[in-house]
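A.B. asks: Sequence:
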Amino acid sequence: SLASTNKTLKVEAPAARSAGIKVKSVAELVEKLKNEAKVI
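Going by the numbering used here, the letters in the sequence shown line up with residues 268 to 307, in that order.
Careful: at least some of the hints might be erroneous.
What the hints assert, rightly or not - The list that follows gives simulated cross-link-like pairs (lysine to aspartate or glutamate, DMTMM-like), each with its CA atoms no further than 20 Å apart: (1) K291 x E303; (2) K289 x E279; (3) K305 x E295.
Calculated directly from the structure, the hints in this document are not laboratory data.
Make the full structure from the sequences, and use the hints.
C.D. replies: Right, dumping it as structure tokens:
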């Protein structure tokens, strides 16, 4: 028989995230990614 060697020490819910935003067009999405998020 196989016995489990792992113990669950603690389980908790993930932290709450802030709400996202909706954009109206691809151009607006690209603009926000470039200027606000600085990812592209």
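A.B. asks: The structure should be examined with respect to each hint, and the outcome stated for every one.
C.D. replies: Here's how the hints hold up against the structure:
Restraint check for K291 and E303: satisfied, since their Cα atoms lie roughly 16 Å apart, inside the 20 Å limit. Our distance criterion of 20 Å between C-alpha atoms is broken by K289 and E279, whose separation comes to about 30 Å. Between K305 and E295, the direct Cα distance comes to roughly 14 Å. Compliance with the 20 Å bound is thereby established for this hinted pair.
Violated hint for the displayed structure: number 2, the only one.
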